[in-house]
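Here numbering that gives the first Met the number 0 is used: the first residue of the sequence shown is 0, the next is one more, and so on.
Think of the hints as simulated: they come from the structure by calculation, not from any bench.
Take these hints with a grain of salt, some might be off.
Ranges of calculated distance between the beta carbons of each label pair, as one might list FRET restraints [to be verified]: (1) 178 with 135: 49 to 55 Å; (2) 159 with 258: 19 to 25 Å; (3) 191 with 65: 37 to 43 Å; (4) 211 with 175: 18 to 24 Å; (5) 65 with 157: 40 to 46 Å; (6) 207 with 229: 19 to 25 Å; (7) 104 with 254: 19 to 25 Å; (8) 250 with 159: 21 to 27 Å; (9) 191 with 66: 33 to 39 Å; (10) 63 with 166: 23 to 29 Å.
With a straight-line Cα cutoff of 30 Å, these simulated DSS-like cross-link-like pairs (lysine-lysine) come out [claimed, not checked]: (11) 86 with 228; (12) 168 with 192; (13) 228 with 209; (14) 209 with 175; (15) 209 with 165; (16) 91 with 209; (17) 165 with 192; (18) 192 with 140; (19) 192 with 91; (20) 151 with 180; (21) 86 with 246.
Owing to the predicted nature of the structure, the values given are computational and were not obtained by experimental measurement.
By construction, the Cβ of each residue, glycine as well, lies at the ideal position given by its N, Cα and C atoms.
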Amino acid sequence: MTTTTTNPSVTLNEKPLANPFDNDKVTLAEVASISSNATTLYPSTLAFTPLNTFHIDTLGIGLFRIPTPPSELEIYVQNLDGSLAYKSTRAKRSSGNCVLSNAQGENLIATEYFWGPNRDPIIHVLANEASGEKATDIDIKTTSPWTSRSHKVPLPSGSVLEWQYKTQKGFGGQDKKGQDKRGTALVCTLDGKRVAALIRNDETRTVGSKSCSAGNGGDLLLGEDVGVKTGVSEEMVVATCLLMLKKEIDRMRGYQAAAIGSAVS
0 MTTTTTNPSV
10 TLNEKPLANP
20 FDNDKVTLAE
30 VASISSNATT
40 LYPSTLAFTP
50 LNTFHIDTLG
60 IGLFRIPTPP
70 SELEIYVQNL
80 DGSLAYKSTR
90 AKRSSGNCVL
100 SNAQGENLIA
110 TEYFWGPNRD
120 PIIHVLANEA
130 SGEKATDIDI
140 KTTSPWTSRS
150 HKVPLPSGSV
160 LEWQYKTQKG
170 FGGQDKKGQD
180 KRGTALVCTL
190 DGKRVAALIR
200 NDETRTVGSK
210 SCSAGNGGDL
220 LLGEDVGVKT
230 GVSEEMVVAT
240 CLLMLKKEID
250 RMRGYQAAAI
260 GSAVS
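Generate coordinates for the entire structure from the input sequences, incorporating the hints supplied.
Right, dumping it as structure tokens:
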């Protein structure tokens, strides 16, 4: 069975590392321009200096729809030049479980989801079999209060990674006069220190998605504590960011189901 990418005219069989932005609407130069704009956000807004930027390309789901699972089975995480950095893959539409792989196709992190309250996702850090070293998978039980949108990830090092929603001036991009606008971003902290942020505004969110979309992508900005031994791995930040987008979609589907139930009762 052939799985299509976000570009409906291209299949993985035709182009294994298809670039979702490789179409008539968006050029690679435009992608780089969008990401560069996010990278120039003031450090006072981010509270860290972004050293790397990825674009997470996913439409998420809209506000008005039947609460079915999203149709996208693959989410592409791209470098500034539009090349593939990571890819998250679900085996089937009815399952939220996914595997994050790098550009070489090596599986890095698997995320397992469960239905119901107090059943938070489990992250499986997969052993690197290609290295030839004896290693075992590492399982991480994530935690999130039922009434909260934040999510904590206790790392094997003893540190705690946490994603939260923060509303600040600057996260909303800039107006026509060049003034910073207020907006909401997904902010990642490591032991309370900001290390990354997902920025989704008119300039950075995935083309085709809207401000009211849930689980849509944007520009993921990474600070100096990401990708170093004393900090947190790059793939862990990417995987947990995608976890937050999955939670957004689940919340939206819950609202949609409640609205439909209320309408027919």
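Quick one: which hint numbers does this structure break? Sort them smallest to largest. 2, 6, 7, 13, 19
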